[in-house]
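The listed protein sequences correspond, in order, to chains A and B.
Offset between the first sequence (1-based) and the numbering used here: plus 4.
Offset between the second sequence (1-based) and the numbering used here: plus 163.
Because the hints were derived from the structure by calculation, they are not lab data.
Misleading hints may appear alongside valid ones.
[Unchecked claim] If you want the footprint, here are the derived chain A segments under chain B, 3+ residues with CB under 8 Å:
| hint | region |
| --- | --- |
| 1 | 98-112 |
| 2 | 347-356 |
[To be verified] Every beta carbon over 10 Å from chain B, so not counted as near; a handful from chain A, in silico:
| hint | residue |
| --- | --- |
| 3 | 214 |
| 4 | 285 |
| 5 | 319 |
| 6 | 322 |
| 7 | 333 |
| 8 | 406 |
| 9 | 407 |
Just so we're clear, the structure is a prediction, and the values are computed from it rather than from any experiment.
Ideal placement from N, C-alpha and C gives every residue a C-beta, glycine not left out.
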Amino acid sequence: MKLSRAVVIVSTCCLLAAAARADEAPLEGQVLVLSAASTTDAVDALRAAFVKTHPQVTVDAGFAASSALAQQIAAGAPADVYLSANERWADFLDEKGLVARRRDLLSNRLVVVVADDSKLEVKRPADLEQQGIDHVALADPTSVPAGIYARQALAELGLWQDLEAKVVSAADVRQAMQLVVSGAAEAAIVYASDAATSDRVRVAVELDESLSEPIRYPVVLLNRGAERPAAVAFYDYLLSAEAADVFRRYGFLVMADDHPAADAVPVAAAQRWWGLSRDEWLALRLSFQVGLCAVVASLPVAIAAGYVLARWQSRAKWVLELVVNLPLVLPPVVTGLLLLFVFSPKGPIGGALAGTLGIEIVFTWLGAAIASAVVSFPLMVRAIRLAFQAVDPRLEMVARSLGAGRADAFFSVTLPLARSGVLAGCVLAFARSLGEFGATIMVAGNIVGETQTIPLAIFSAGNRPGFEAEVWRLASISIVLAALALVASEWLERRHATREST
Amino acid sequence: MNRLSFRCAHRFAGGFALDAAFETDAQVTALFGPSGSGKTSILYMIAGLLRPREGAIALGKQIWLDTRRGIDTRPERRRVGFVLQDHLLFPHLSVERNLTYGLRRRRGENSAIEASRVIEVLELGDLLARYPRNLSGGEKQRVALGRSLLSGPQLLLMDEPLAALDAPLKDRVLSYLERVVEEWHVPTIYVSHNASEVRRLAERVIMLERGRVVHSGSADELLLEGYSPSGDWEA
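Produce the complete structure using the sequences and hints provided.
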C-alpha cells in the first residue's frame with residue numbers, strides 16, 4: 005500500500021537525520037552561545053574563527069534582545085555562554101544561581117543614526133524634535149538594554165517628555181536600525197557598533213557616555229557551560245586578545261583596554277542572488293527535517309481524531325472539535341508559550357523527559373518539530389476528516405459482517421479508501437510546518453543550524469542591514485514551496501474525488 | 164435447520180418505534196412490507212450492526228443478543244452474510260480480492276462453501292481481475308452475493324438485492340439466488356416489498372407495518388390475501 009510505504013520512508017529519514025545529528029556532535033563538543041543582537045556580526049566572526057582551531061567543536065549561536073535571551077535561559081534554554089548588552093540581565097541570572105563566572109567584556113556608545121541619503125539636519129540631540137522627524141526608533145525602552153540606555157540619555161538631556169510620542173519601539177537594536185534603513189523611521193538611537201556595520205545609515209550625533217549609566221557587556225559562563233570543557237574554552241577565547249581585535253573591528257570598545265577602537269569596517273553581506281550560503285542551506289535542511297518529523301509524529305493522532313470526528317455522533321464531539329481546532333485560531337505565540345511551559349525542563353512533560361530519557365525539547369530542533377506539529381495539526385485533521393466522511397460507513401459494516409474486527413475493517417477498508425485525503429493532509433501540514441514562526445521562536449529560539457528554520461532565518465536576515473538579497477532569496481524559496489504544497493494537496497484531493505466513484 | 168428467533172424493541176432518534184418479534188426455521192424467510200416499516204433495521208440488528216434498546220436474538224443454540232443478560236456478540240463473530248441493494252463492493256479491491264475478503268477472515272469454521280464452486284455457480288470466472296467500477300449492476304450484485312457466501316455464513320441477509328436492477332436483469336439475478344439456495348441451503352432472510360419476488364423465493368413470509376409484525380405464515384396463503392401477486396406493495 006502506497007501510504008504505508010510513504011510512512012516508512014519518511015520515518016526512516018527522520019531517524020537518519022536524528023542519528024546523524026547525534027553522531028556529528030558528541031555532547032561535550034557542542035557549545036550554545038546566546039548573545040545580544042548588537043553583537044551578531046562580531047560573535048559570528050568569532051565562532052567561525054574558534055571552530056577553525058577547534059574542528060571537533062560546534063558553536064551554535066542565538067541572537068535576540070538580551071532581555072529575551074535571559075528569560076529563555078531562566079526558562080531552561082540549554083545555553084553555555086551568554087553575552088548580555090547590560091549588567092542588569094546578567095544580574096538577573098546571577099540571582100537565579102545560574103552563573104558560574106562573569107566578566108565585563110565590552111563597552112559601547114550610543115549614537116543617533118539617520119538614513120545614509122537623509123536630507124535632515126541632525127547635529128545635536130535636540131534636533132530630533134524638528135518637524136521632519138516623526139518617528140525615532142529605539143529598542144524597547146522598557147526592557148531591552150539599548151532602549152533603556154537611550155531613554156536614560158534622552159531624559160538626562162530633558163528631551164524624553166517631548167520625544168516620547170515619536171518613539172517607535174523595536175524588538176532589539178538591529179530592528180531599530182532596520183526601521184531607519186527601510187524608511188519607517190527617520191532616526192534611531194543605536195550602539196556605535198551597530199551603526200558601524202551598515203553603510204546604509206550614517207552617524208549624525210554621538211551621545212556623551214555620561215548621559216546614561218555605563219554601557220557594559222558582561223560575558224557570562226553559565227553553570228551548564230562550566231561543566232563542559234569546550235564551553236569554557238570558548239568563554240576564555242572571548243576574553244583573549246585575539247577576540248578583542250575582532251570586537252574592535254566591529255566597533256566595540258574592549259574593557260580594560262587602553263587602545264582606541266580601530267576604524268570600524270562595514271560588514272559586506274553576501275550579495276549574491278544565486279546559490280545559498282551555508283546558513284541558508286542549514287535553515288532549508290532543518291525546515292525539512294522539522295516538517296517531516298512533525299508530520300510523522302502527528303499523523304497517527306490526526307488519523308484517530310479525524311476518524312472520531314467523522315464518525316462519532318455523540319454530543320461531546322464539540323469538545324474534541326474545540327481542542328483540535330484551537331491551534332488554528334490561537335496566536336502562535338500563545339501556543340508557543342503553553343508548549344514552553346509544558347516542555348521546559350521544569351515543566352511537567354519536559355521535566356519527565358529530561359529526567360528519564362535525557363531528552364531536551366526546549367531550544368532544540370525537537371522543540372521546533374513539536375511546535376510545528378501542534379500548529380499544523382488542525383489542517384491535517386480537517387483534510388483527513390473530510391476524507392473519512394466521504395467513505396460510506398456501510399462499507400465498514402459490510403466488512404464487519406464478513407468477519408473483520410473493528411480495527412481490521414478500518415485498516416483494510418476505510419483507511420485505504422481515505423488515503424488520498426490523508427496524504428493531502430500530510431502535505432498541507434508539512435507546508436504549514438515550513439511556515440511556522442511564532443510558536444517555534446518561543447519554544448526553540450532562533451539558533452543557526454539548530455533551530456533556525458526558513459521563516460526564522462528570514463526574520464533574522466531582515467533585521468540585519470545589507471542582507472536584503474538573503475531575505476528575498478529565502479522568501480522566494482518559501483513562496484515556491486508553499487505553492488507546490490497547495491498544488492499537490494489539491495491534486496491529491498481531486499484524484500480522490502474522480503477515482504473510485506462507482 | 165437452525166431456528167432464528169428475534170424479539171427486539173427500539174426507538175429511533177426520528178421518533179420511529181420498532182417492536183417486533185418472530186421465529187423462523189424456513190429456508191428462505193421474507194420480511195415483507197412497505198418502505199419505512201422497519202425491515203432493514205431488523206436486518207441490521209440481526210447482523211449486530213445496530214443495537215436495539217432491548218431485546219434478544221438467537222440462532223439455534225447461539226445467543227447473539229440478550230440485553231437483559233448483557234450479551235452482544237460482535238458482528239464479525241455472528242457470521243452472517245449481508246447483501247444490500249447497492250451491493251457495497253470495496254471499490255479499491257479487485258473482484259477477486261472482494262470475493263476472498265471474507266474467505267481470508269474465516270475463523271476455522273467448517274463450511275461446505277468452496278470458492279471454486281461459488282465462482283462456477285455465479286459465473287464469476289471472467290470478472291475476477293476487474294474492479295467494481297467496471298462491472299454492470301447485475302455483475303456487481305452477483306459478486307456481492309459471492310463475497311457473502313465465501314465468508315462461510317450461517318445466515319444470509321438480503322436487503323432488496325434486486326431493487327436497483329431493471330426487469331430483465333432482476334429475473335436473471337433471481338435465478339442465481341435460486342441456484343444459491345438450492346446448492347448450499349444457507350438459511351436466508353430476504354427483505355423486499357415486491358410480492359412476485361417474495362412468492363418465487365420465500366417459503367415463509369413475515370409482514371411488517373410501522374415497526375410491528377402484522378401477519379406471518381406461508382408465502383402462498385399470505386400473498387393471496389388481497390395483495391396483487393405481481394406488483395409492488397404500493398401498487
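Examine each Cβ of chain B, and state whether all of them lie more than 10 Å from the Cβ of residue 407/A. About 3 Å separates residue 407/A from the closest Cβ of chain B, which leaves it inside 10 Å; violated.
Taking 10 Å as the cut and beta carbons as the points, is residue 322/A off the interface with chain B? holds (18 Å)
Quick one: work out the minimum CB distance from residue 319/A to chain B and report holds if it exceeds 10 Å, violated otherwise. holds (12 Å)
Is the nearest Cβ of chain B still more than 10 Å from the Cβ of residue 214/A? holds (80 Å)
Non-interface claim for residue 333/A: all C-beta distances to chain B beyond 10 Å? holds (32 Å)
Examine the region 98-112 of chain A for residues whose CB is less than 8 Å from any CB of chain B, and state whether their number is three or more. violated (count 0)
Are all C-beta atoms of chain B more than 10 Å from that of residue 285/A? holds (41 Å)
Please verify that the nearest CB of chain B lies beyond 10 Å from residue 406/A's CB. violated (4 Å)
Verify this for me: three or more residues of the region 347-356 of chain A with a beta carbon less than 8 Å from a beta carbon of chain B. violated (count 0)
The structure is inconsistent with the numbered hints 1, 2, 8 and 9, although it conforms to all the rest.
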